[in-house]
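A.B. asks: Take the sequences, apply the hints, and build the full model.
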Amino acid sequence: MTATSCGVETTLEAPPERIVTIKSSATEMVLALGAGNRLVGTAFADGPVPADLAAAATDVPVLAEKNPSTEAVLELEPDLIYAGWESNLSADGAGERAMFQGLGVATYVSPSACKGPAYRPEKLTFDLVFDEIAEAGRLLGADEAAADLVAEQRAELDSVVRSDAGLTALWYSSGEDVPYVGAGIGAPQMIMDAVGLENVAGEVKDTWTSLGWEAVAEANPDVIVLVDATWNTAEHKRATLERNPVTATLPAVQEERYLVVPFPATEAGVRNVPAVTDLAEQLAELGVTP
Amino acid sequence: MGLALSALAVVLAGVAGWALTLGQADISTAQVWTSAWHHLCAGVSTPAGGWCPANPLSEIQDAIVWSGRAPRVVAAAAVGAGLALCGGVMQALTRNPLADPYLLGVSSGASVGAVLVLVLGLAAALPVAAFVGAVAALVLTLALATGRGGGLSPVRTVLAGVAVAQAGSAVVSFVIFWSSTGDSYREILTWLMGSLGGATWPEALTALGATAVVGTYLAGQARTLDAFTFGDVSAASLGVAVTRTRWVLLGATALLTGLLVSVAGAIGFVGLVVPHAVRLLVGERHHRLLPVAALAGATFLLLTDTASRSLFEPRELPVGILTAVVGAPVFAVLLRRRAAS
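So the sequence lines, in the order shown, correspond to chains F and U.
Sequential numbering from 1 applies to the first sequence in the working numbering.
Sequential numbering from 291 applies to the second sequence in the working numbering.
Treat the hints with care, as some may be off.
[What the hints assert, rightly or not] One side of the interface only, derived from the structure: several residues of chain F facing chain U at Cβ under 10 Å:
1) A217
2) A219
3) P245
Rather than coming from a laboratory, the hints here were simulated on the basis of the structure.
Because the structure is a prediction, the values reported are computed rather than measured.
No residue lacks a Cβ here, since even glycine has one placed at the ideal position from N, Cα and C.
C.D. replies: See the structure below:
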């Protein structure tokens, strides 16, 4: 089994028995494909695993809170390291991919996280997310589970009631002096498209971008998507928007037209489709009309 | 001299007015001025003649101009003026042309305080933490630099400042490396490179007030500062209580720097470059140097901040990137001139 991610080819003679994952998106992918019992270590969790994977995750050992050291990873004698960010497998992270591959450890990086211009997706789509699920399934020797998961998620995605009200939205990820928001080609844009929200930063050709508060006020979004992270909660962002005298005048802030999405669902992976369903339901509950 | 200062003040006012009309939002210059007239007029009286125009701006546009851009313009000018003053005074007191709030560890101390707060998520206490960090770093620098007799040698001061700054940046790096999760490092990065993007009226007025008060005091010390530039022995022979005066003046600049850093983050190069550039134009004497440096610093940071929010709109750059991009080459030219002369 051979897979190429971010331009690096990796080969597994047999399905991996000892898997290490770095980042929530990678860990949750392995759990969702039913290979949780082969996880010998996970690292860099962005938050708790979702409820439907919690049972599968109970006995999985946590290797490190952030990037693990090379030695800590090698000590586990993994046959596959699956990372959510390219930087997880660099000299600054757990170690370089070439080094691991030289030691017979296969490495795989979520293709949507590739940074090189030749490998980075033009624009993230659900087809690309499903391709990753399928490819991860092949790598793990869990083709069937992957096919089932993709079919299930496709059906769920098709059943989402997409808003046709023409609402605009700001995807507010972090930042107080200068907000950091979801831009035109990443997971936030993909999710907003599926929910039927027009991204006010959609013109920026990047996954995420810094955006001045003035630009936010000028766009006057109908709703604001607050990213809920343990280190920067949705509640904290709500307070920031209310405290900032420019955003405090926005109708979306005054009428509390907020949608909340957990941080780990904002990176490409198995949680994007559930996030779409969740946001569509929250939007329906808000009952906003432009 | 008076004429030159007036001319500079007019330039600054012009740049400020111009900056107020520039931005991402689609608001015309005429609308901004009509709205300014409306606010001024409504603030002064409720005239019967109806010569007060209606505000042409919507509520959101009004907030964009008067709660967003206006405090930002004031904060940029005040921070720029204050940093240039601090740099000029520190250069005189340490007789080191490289001295600025960075070199004495003050900015880095403020960064330690701020980063600790940002990572712990206590955003409300950020200005206080930055301020405490700045003052603590300066006290540490001065304590390290003080000789047995209580004297403060220029060389030791600068070396102590470098040590404190290095230690501070190590703490900052450690905190970022150890505890930044997800995208929280971006907020720290924005802060470390300096940004006026979140400036509010209370912050802008704090910066303005601090710069005005400390700046007036420092400008009043021009003769003493002139004496310092000839060396401690000359200063003492001119009747300056060298050690005590240096402590007091450095303390004043630390106080001001701490406040400015708490408002705008760690903006580099203004304190270093502006006084040098001004020295080339008006000479070393502080009664000229300080006021001109303050006005020039205000104009410089106002221009760079306006560029940082306009160049790549709707994106926004941390202004510290631009001050460094502009400041580094200017400094290089100054260095070459010094080498040549």
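A.B. asks: None of the hints should be skipped; say for each whether it holds.
C.D. replies: Outcome of the hint check:
1. The criterion of a C-beta within 10 Å of any C-beta in chain U is met by A217 (chain F), whose closest approach is roughly 5 Å, and the hint holds.
2. Interface restraint check: A219 (chain F) against chain U, minimum CB-CB distance 8 Å, threshold 10 Å, status holds.
3. A cut of 10 Å between beta carbons decides the hint on P245 (chain F): the least distance to chain U is about 4 Å, and the hint holds.
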